[in-house]
Amino acid sequence: MEIAVLVKPVPDAETRLRPDPAGKGLDPEGVKWVLAGYDESAVEQALLLKESAPGTTVRAISYGPAVRADEVLRAAIALGCDRATSVEAPAGVADDPLVTAAALHLALSRFPASLVLCGKQTGDHESGLVGPAVAELLAVPEYGVAVNVRLDAGGAEMTLQQSVEGGLLRLRAKLPALVALQQAWNDPRTAKLPNILKSRKAPIDRVPAADVAAAVAARLPLATRRLAFRLPPPRTGAKMIEYKTPEEAAQKLVRILREKAKVFP
Amino acid sequence: MTGAVVWLERTSTGVAGASREAVGVARSIAGGGPVVGLLVGAGGPSAAERIPVDRLLLVDAPGLADASSAQLAALLAAAAAASGADSMVLAGTARGRDVVGRLAVRWGAAAATNVTDLVAGGSGELHVTRPVFGGRASETLELPGPRRILAPRPHAFAEPPPASAAPPSEALVLPDGFSALPGRGMEGFEPTVGSKGPELGEASIVVSGGRGLRTPESFHLVEELAESLGAAVGASRAVTDAGWRPSSYQVGQTGRAVSPQLYIAVGISGAIQHIVGMVSSRVIVAINSDAQAPIFKVADYGIVGDLFPILPALTAEIRRQRGLTGSAPG
Numbered sequence: 001m002e003i004a005v006l007v008k009p010v011p012d013a014e015t016r017l018r019p020d021p022a023g024k025g026l027d028p029e030g031v032k033w034v035l036a037g038y039d040e041s042a043v044e045q046a047l048l049l050k051e052s053a054p055g056t057t058v059r060a061i062s063y064g065p066a067v068r069a070d071e072v073l074r075a076a077i078a079l080g081c082d083r084a085t086s087v088e089a090p091a092g093v094a095d096d097p098l099v100t101a102a103a104l105h106l107a108l109s110r111f112p113a114s115l116v117l118c119g120k121q122t123g124d125h126e127s128g129l130v131g132p133a134v135a136e137l138l139a140v141p142e143y144g145v146a147v148n149v150r151l152d153a154g155g156a157e158m159t160l161q162q163s164v165e166g167g168l169l170r171l172r173a174k175l176p177a178l179v180a181l182q183q184a185w186n187d188p189r190t191a192k193l194p195n196i197l198k199s200r201k202a203p204i205d206r207v208p209a210a211d212v213a214a215a216v217a218a219r220l221p222l223a224t225r226r227l228a229f230r231l232p233p234p235r236t237g238a239k240m241i242e243y244k245t246p247e248e249a250a251q252k253l254v255r256i257l258r259e260k261a262k263v264f265p
Numbered sequence: 266m267t268g269a270v271v272w273l274e275r276t277s278t279g280v281a282g283a284s285r286e287a288v289g290v291a292r293s294i295a296g297g298g299p300v301v302g303l304l305v306g307a308g309g310p311s312a313a314e315r316i317p318v319d320r321l322l323l324v325d326a327p328g329l330a331d332a333s334s335a336q337l338a339a340l341l342a343a344a345a346a347a348s349g350a351d352s353m354v355l356a357g358t359a360r361g362r363d364v365v366g367r368l369a370v371r372w373g374a375a376a377a378t379n380v381t382d383l384v385a386g387g388s389g390e391l392h393v394t395r396p397v398f399g400g401r402a403s404e405t406l407e408l409p410g411p412r413r414i415l416a417p418r419p420h421a422f423a424e425p426p427p428a429s430a431a432p433p434s435e436a437l438v439l440p441d442g443f444s445a446l447p448g449r450g451m452e453g454f455e456p457t458v459g460s461k462g463p464e465l466g467e468a469s470i471v472v473s474g475g476r477g478l479r480t481p482e483s484f485h486l487v488e489e490l491a492e493s494l495g496a497a498v499g500a501s502r503a504v505t506d507a508g509w510r511p512s513s514y515q516v517g518q519t520g521r522a523v524s525p526q527l528y529i530a531v532g533i534s535g536a537i538q539h540i541v542g543m544v545s546s547r548v549i550v551a552i553n554s555d556a557q558a559p560i561f562k563v564a565d566y567g568i569v570g571d572l573f574p575i576l577p578a579l580t581a582e583i584r585r586q587r588g589l590t591g592s593a594p595g
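From first to last, the protein sequence lines are chains A and B. Residue 55 in our numbering sits at position 55 of the first sequence, and the numbers go up by one each step. Every position in the second sequence, counted from 1, becomes a number in our numbering once 265 is added.
Extracted from the complex, chain B is given alone in its bound form (with noise of 0.2 Å):
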């Protein structure tokens, strides 16, 4: 393994944290090889002059912002041509794993996503451990050589330390034959009415609230409790199927997944769907009436009473702790 191609993906701040932990990736099976970073879109490489990759290939097109996946393989494979790499990182995102699945046949190579912990061998041998089964089973992988692609889960792999200098970057050359590939066909953009924080696949710690508020009057506890974390902010499925809170909110099975670094549930029973949603979060918080709610099963902490409260009382604490006012934080 020498050498290992990361997609840098952009937000509307700069470059995606998934995209920071995949160079810390590529960097582990990179095998002594350069780390290249792939910057698409508008503008020159400032969004990612902290990150800690060998050298940036940029292609500065604003039309690009939005590119489709096709694209996106297109140029990941011109990116590895350019740089001699035969390995490929992208942040397992809803885009990049649409990337990935082209990619794989485009450029063949063997590739595997949601991946959450691997060994990279002396002798060039890759083993990949990914959750299956919403979390409920594991699988260990081996990918033959020589050219891989890899999504690590975001949250799964730490973010490498920033690099003290800006990396050297080059425009990369547009393949051939790339003007004719599809582009996204984007018409416009409606945002999640309502929604504040970050976003429920990205956010290190989500605060989620069940059928245990009783009323969608009090779900501004939860949210609270959310805003004095950072949080992103989730629901049950009782919650969003009565309308308290739109269905982007839900999280499990028929919802959302999330594996955050903290996962918060808030009057929420535990039904085996909502489980399956947020089990591979690493430390799980339940605050539930009833002690004997299965939530408590998979928890790692516990705090049995009245939300309501608890719910301020908590919020008060952690404000005071991380030095927030009465306002909310920025």
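Next comes chain A alone, as it looks inside the complex (with noise of 0.2 Å):
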């Protein structure tokens, strides 16, 4: 069976966010760009999976600048995965998550699988349509905040859970399906150097700009655009509370949570 795992290009942890000189977005400059996140979550999953059903394919793509969608597709493969198709952003074309769906959906029609795995939201947007939003292109149901997928045998069904307000629900379903995982529930694995060196020589499949533009035409008009991107102001450290007493600690805290701050119940 083919396993599908969407991994995106984001900003490695300890980058020092800057906006670009116009303002309107992240400056790229000197940013690493890493497989992090619910992306690791997720690619930890399929190669479960492929461990426990032999003859599984797991393959990851990245839609993205191709110099970055590599990257982690390197990565993925270094951790595991037997194939990566790198989805070219046309240049200049609008980052909104229902473009990235379109282009997604356009190399899963390519290189289609009975399973797609991704992680819940990225770390970098958060807005967390690109896995409903492929599933929908698909015709296939999706799976939300889920944990620990097994496949029945012959992977025409699989368990779940989600991980939703309150508890965990258990879930089992048909394939084909799209599961959105969870983050840091699964312990992701570290790739091993002479994994990380053989990747450097992987071969990639490559979905050309000028397809991904053809087949996000259609969503162009609606896509978000992008008027400010910004730091927020530094906060200015902890208005530190005076006291003698733990007694008037105490009081002093409540007094100015209920009169100064307005959040007292």
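Mixed in with the good hints there might be a few duds.
Within a straight-line C-alpha distance of at most 25 Å, the following computed PhoX-like cross-link-like pairs (lysine-lysine) qualify [what the hints assert, rightly or not]:
{"#": "1", "chain 1": "A", "residue 1": "Lys-50", "chain 2": "A", "residue 2": "Lys-198"}
{"#": "2", "chain 1": "A", "residue 1": "Lys-192", "chain 2": "A", "residue 2": "Lys-174"}
{"#": "3", "chain 1": "B", "residue 1": "Lys-562", "chain 2": "A", "residue 2": "Lys-174"}
{"#": "4", "chain 1": "A", "residue 1": "Lys-239", "chain 2": "A", "residue 2": "Lys-262"}
{"#": "5", "chain 1": "B", "residue 1": "Lys-562", "chain 2": "A", "residue 2": "Lys-239"}
{"#": "6", "chain 1": "A", "residue 1": "Lys-198", "chain 2": "B", "residue 2": "Lys-562"}
{"#": "7", "chain 1": "A", "residue 1": "Lys-252", "chain 2": "B", "residue 2": "Lys-562"}
{"#": "8", "chain 1": "B", "residue 1": "Lys-562", "chain 2": "A", "residue 2": "Lys-50"}
{"#": "9", "chain 1": "A", "residue 1": "Lys-192", "chain 2": "A", "residue 2": "Lys-50"}
Just so you have them, the derived chain B footprint on chain A, three or more residues with Cβ under 8 Å [claimed, not checked]:
{"#": "10", "stretch": "49 to 56"}
{"#": "11", "stretch": "66 to 72"}
{"#": "12", "stretch": "76 to 84"}
{"#": "13", "stretch": "123 to 135"}
{"#": "14", "stretch": "230 to 236"}
No lab work stands behind these hints: they were computed from the structure. Even glycine gets a Cβ: it sits at the ideal position worked out from N, Cα and C.
Join the two chains into one complex using the hints; note that each chain is given alone, in its own frame.
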């Protein structure tokens, strides 16, 4: 069976975020693009399923500027994915989750999979829209905030859990389907050095920018336009409460919460 | 912009607070047109009787209490067609956001989630602001019309005052092909063990404990403080990694991101991975024995000192101020 895992290049967590000169986006200067967070959990889930069902192939698919996409695809290969597809973003195309979904849908029509995995959101724009939108385009059900996906014998069905408000929902679902995974529940593996070196030479399939441009054209009039990207004003640090006894500290804090911050219930 | 449809997400106690906030957002982008609530699941309109919508559309079907996102997207599109609305608002809950992604495709609309602020201009333009990078930055987006879907971030917008009278309601006719849509395939539900009080992501107050509590036995001090405030309980990664509390309590980059009105960090030093999960809270209070702890850089108010006498004193003061006596509040 074929599993596809959608991965997005995001700035390394250590990146010092900075607006670009126009103030309309992240300044990409000096940013290290990595496979991170939710996507690591999705890749880990794909690899666990592959290990549990012999004959399963895992294909990582990434949409973005080719240089960045290739970087995270090689990281996915180093972790154990079998194949990779780079979906090349046309120059200057709108950065919108629904446009991204249309581009990924094109890739999935060329490299079909019975199970599509992704993170429930990415650590940059955090829209959480790409997975469900891809599922709608593929006309398959989607299962969000998922953990613990297991394939049943034959790979026609799966069981999974959804981590929702107040607990875990247990579900049984048919394939094909799309599953958007929760982050950091499965302790993602790290790549071994020989595999990292080997991944540098691994072949990457490509969906050319011109094909992507045609596939997303219908969606572009609906794309959101970023007018501003800013950093929050620096926090000036806490106002410290002076006190002599614990009781005095408590009374002062409650008074502040009630009268100044107005958040006392 | 004229008219908006709001999905009124049900909880065990009625309509989710985040959905009531969504009604207020719908009013501000409806351009004077009607705000229509969609209520799906078993039971009549009583769950929504004080919700300030102009009209309620009902899908009274017990089997749809746990509808799939595909089913909800189809029902919302039908509700928009029935009411002529060109905007939709869904609470930014886990379920709500899944529906938005499908709906944006099915209904052909621009969409934005995690919205914390918006400006609806007089000539129909709509600009929204949303935090990105875990609250380390924010962006302002323009949503082209005519169709738009917004998912406001829970607690980012005020709940509108309740209506004085119940809105008129009618049944929504199921759209063609509805019965062919897959359901959710739910087999069972395992409640989070030991969780009391409101849910982390929904709570308007969160009290989190960290390694400063020293032992799992002293974590009850955090829980008692939370209980006195009617708050949800969270924890730092150090606490969940050590197994003092399950991972579902974890607030941070690798756990839950929360944005309550009030966040109280107790004995949490403030590693960046924790900060990104709570920094967009409205008011942050830190209580820590180390005056140099990085948590005080993001907090609004700080108390430096020994947690062990301060926490019971604070819990007692809050109980006294709220008129709570010895037993737990209802």
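Item to complete: Sort out whether Lys-562(B) lies within 25 Å of Lys-198(A), counting only the CA atoms.
Response: Distance ~44 Å between Lys-198(A) and Lys-562(B) Cα, so the pair is violated.
Worksheet item: Is Lys-562(B) close enough to Lys-50(A), meaning Cα to Cα at most 25 Å?
Response: Distance ~45 Å between Lys-562(B) and Lys-50(A) Cα, so the pair is violated.
Practice prompt. Assess, step by step, whether the Cα of Lys-252(A) is no farther than 25 Å from the Cα of Lys-562(B), and give holds or violated.
Written response: With a Cα-Cα distance of about 20 Å, the restraint between Lys-252(A) and Lys-562(B) holds, given a limit of 25 Å.
Worksheet entry | Check of the stretch 49 to 56 of chain A against chain B for coverage (Cβ-Cβ below 8 Å, three residues minimum) | Since three or more residues must qualify, the claim that chain B covers the stretch 49 to 56 of chain A is violated, with 0 doing so at under 8 Å.
Worksheet item: Can the restraint linking Lys-562(B) and Lys-239(A) be considered satisfied, given a maximum Cα separation of 25 Å?
Response: Holds, because 10 Å separates the two Cα atoms, which is no more than 25 Å.
Practice prompt. Given the hint that Lys-50(A) pairs with Lys-198(A), test it: the Cα-Cα distance must not exceed 25 Å.
Written response: holds, 20 Å
Worksheet item: Does Lys-174(A) lie within 25 Å of Lys-562(B) when you go C-alpha to C-alpha?
Response: violated, 49 Å
Discussion item. For the stretch 123 to 135 of chain A, count the residues whose Cβ lies under 8 Å from any Cβ of chain B; is that count three or more?
Written reply: This one holds; 12 residues, not fewer than the three required, reach chain B with a Cβ under 8 Å.
Worksheet item: For the stretch 66 to 72 of chain A, do three or more residues have a beta carbon lying closer than 8 Å to a beta carbon of chain B?
Response: violated (count 0)
Worksheet item: Holds or violated: the stretch 230 to 236 of chain A covered by chain B, criterion of 3 or more residues with Cβ-Cβ distance under 8 Å?
Response: Coverage by chain B holds here, the residue count being 4 at a Cβ distance below 8 Å.
Worksheet item: Are Lys-192(A) and Lys-50(A) close enough, with their CA atoms no more than 25 Å apart?
Response: It holds: about 18 Å lies between the C-alpha atoms, which stays within 25 Å.
Worksheet item: Three or more residues of the stretch 76 to 84 of chain A near chain B by CB distance under 8 Å?
Response: Since 0 is below three, the answer is violated.
Of the numbered hints given earlier, the model fails hints 2, 3, 6, 8, 10, 11, 12; all others are met.
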